[in-house]
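Visitor: Those protein sequences? They're chains A and S, same order as listed. Our numbering puts the first residue of the first sequence at -7, with every later residue one more than the last. Our numbering puts the first residue of the second sequence at -7, with every later residue one more than the last.
Just so you know, the hints here were simulated from the structure itself, not pulled from any lab data. Ideal Cβ positions, reconstructed from N, Cα and C, are used throughout, including at glycine. Any given hint might turn out to be false.
[Unchecked claim] Here are some, though not all, of the chain A residues that point toward chain S, as calculated from beta-carbon distances under 7 Å: (1) Met114; (2) Glu118; (3) Gly121; (4) Leu206; (5) Leu225.
There are 2 protein chains.
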Amino acid sequence: MLFERAAVIGIGLIGGSLALATKRQGLVGHVVGVARRENTLLDALRVGAADTVTNDPAQAVRDADLVYLATPVRAIPPLLAAIAPHLPAGCLVTDGGSTKRAIVQAAGALPASVTFIGGHPMTGSELSGPGAADRHLFEGSNYFLTPTDETPPDDLARLIGLVEGIGARPTLVDAATHDRVLAATSHLPHLVAAALCNALVSEDKPERFAGPGLRDTTRIAGGPANVWRDILLENAEDVREAMARLREVLDSYDAALADADGDALVELLERARDTREGLEP
Amino acid sequence: MLFERAAVIGIGLIGGSLALATKRQGLVGHVVGVARRENTLLDALRVGAADTVTNDPAQAVRDADLVYLATPVRAIPPLLAAIAPHLPAGCLVTDGGSTKRAIVQAAGALPASVTFIGGHPMTGSELSGPGAADRHLFEGSNYFLTPTDETPPDDLARLIGLVEGIGARPTLVDAATHDRVLAATSHLPHLVAAALCNALVSEDKPERFAGPGLRDTTRIAGGPANVWRDILLENAEDVREAMARLREVLDSYDAALADADGDALVELLERARDTREGLEP
Chain A
-7 MLFERAAVIG
3 IGLIGGSLAL
13 ATKRQGLVGH
23 VVGVARRENT
33 LLDALRVGAA
43 DTVTNDPAQA
53 VRDADLVYLA
63 TPVRAIPPLL
73 AAIAPHLPAG
83 CLVTDGGSTK
93 RAIVQAAGAL
103 PASVTFIGGH
113 PMTGSELSGP
123 GAADRHLFEG
133 SNYFLTPTDE
143 TPPDDLARLI
153 GLVEGIGARP
163 TLVDAATHDR
173 VLAATSHLPH
183 LVAAALCNAL
193 VSEDKPERFA
203 GPGLRDTTRI
213 AGGPANVWRD
223 ILLENAEDVR
233 EAMARLREVL
243 DSYDAALADA
253 DGDALVELLE
263 RARDTREGLE
273 P
Chain S
-7 MLFERAAVIG
3 IGLIGGSLAL
13 ATKRQGLVGH
23 VVGVARRENT
33 LLDALRVGAA
43 DTVTNDPAQA
53 VRDADLVYLA
63 TPVRAIPPLL
73 AAIAPHLPAG
83 CLVTDGGSTK
93 RAIVQAAGAL
103 PASVTFIGGH
113 PMTGSELSGP
123 GAADRHLFEG
133 SNYFLTPTDE
143 TPPDDLARLI
153 GLVEGIGARP
163 TLVDAATHDR
173 VLAATSHLPH
183 LVAAALCNAL
193 VSEDKPERFA
203 GPGLRDTTRI
213 AGGPANVWRD
223 ILLENAEDVR
233 EAMARLREVL
243 DSYDAALADA
253 DGDALVELLE
263 RARDTREGLE
273 P
């Protein structure tokens, strides 16, 4: 067992799945589930994700040796400030937020007696809440960890053990690089999938003309708006830079179309296809 | 049996699948397969898509009561001109091209003794060639037909019967509307999926950071560059207009990010999600 007592704050789909997977693998003993809504807490108990529950983060972390923050990203910095005075010495704190720079920065204010390591599991589902929790959710997926030069190697090793124990692939990266690259590989694609939907003309009844290509390309636009609002706002600068790069590429396509330049189109499309082939797992 | 003798010109994935499906359903008697390369013709015979083969379109159409053009879109207008003098009276000519306006216009020069009706089956595969032909390829998919005011009702009824007979849903639309709406629902999404790949920075090793969202959003960028060059060039004007609409939407997202305007982001994202939900079949 890596941790005796974990506090999972924001015990929804991700937090609940982590609790189920780590308990099943014997990596964690007792799980205290934390959420604001009583129904969420009851669901967490019902599916066995939490052994006990509370709506008070300060109380939940008091005896924990692992604190896992799984709320929407913008809630994490204030939560870190709220639990800071209550964290026991030696406690390992981590999170599952999709952006990392602002969270790692906020964690700098935690007491020196605890360790914070940022995390980002590249998994999810269109569902939400602990009722949708799945102990297989992390299997085969990338799991980013953002240790710093000050991270104690023992704590990093324990967290890597936890990530591997639930079947994910730990990938170490610094928070700034994580956010810059994810802007292009995740946040901008989400924004663009949504923008393609926004740009459809409803009078044209686009649903009559939708094929599998459009459905694939826009699938992630079905995600929850508030979660993606937070991610896009947290990483606004990097997302805007990635969008500026995309606009330059769109300019190239537009120029090729305006000039009926088939060779330029083929070059762009073939380069895209080569890149796309490299993205398969 | 709706047609005694069909000439399928360009007997690749689509043409081969159509031949297999129509023969299986007893809708077509004899299929003459046409392609330029001998290997393609041998494959078409081997899988049973063609009963006889030739590399000469003029010879293939001579005794046909159905001519199906399944080449890349830009090859169709010159093919129509080449076969025009050899088409028997009463012959029904149709095609499977992804753009329709230029093809329907070119078909205006066919003899008055034959009927042309444009077609566009919304199906496909990452594979190509008659070796990949699948008699189930059309089942459950949309199949656009672009009759005009001059189309004889009997011919349209026969073609609708063929489309329904292979399990597809016939959808009647004029060629200009087809191309305008497909620019937004198919051609631009393809271009954007490719552009998202082009905008990735290879030094960042984006493959390490790719999740299922990116893979869905860019899946169609794996398609054949020459086919998509043709489609984009054929429909350049409508695609550029759809791209201009997309750019306006991207401006709205960019402004919301610059102003950290969470409400504006949520409004855009929620509208996108509502539209996306309407696209499911």
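Visitor: Each hint: holds or not?
Guide: Against the structure, the hints come out as follows:
1. With a least beta-carbon distance of about 4 Å to chain S, the hint placing Met114/A at the interface is held under the 7 Å criterion.
2. Contact between Glu118/A and chain S, as hinted, is not supported at the beta carbon level, the nearest pair being about 11 Å apart and thus beyond 7 Å.
3. For Gly121/A, the interface hint is violated, since its Cβ never comes within 7 Å of a Cβ in chain S; the closest pair sits about 18 Å apart.
4. At a threshold of 7 Å, the smallest CB-CB gap from Leu206/A to chain S is about 5 Å, leaving the interface hint in force.
5. Against a cut-off of 7 Å between C-beta atoms, the interface hint on Leu225/A holds, since the closest Cβ of chain S lies about 6 Å away.
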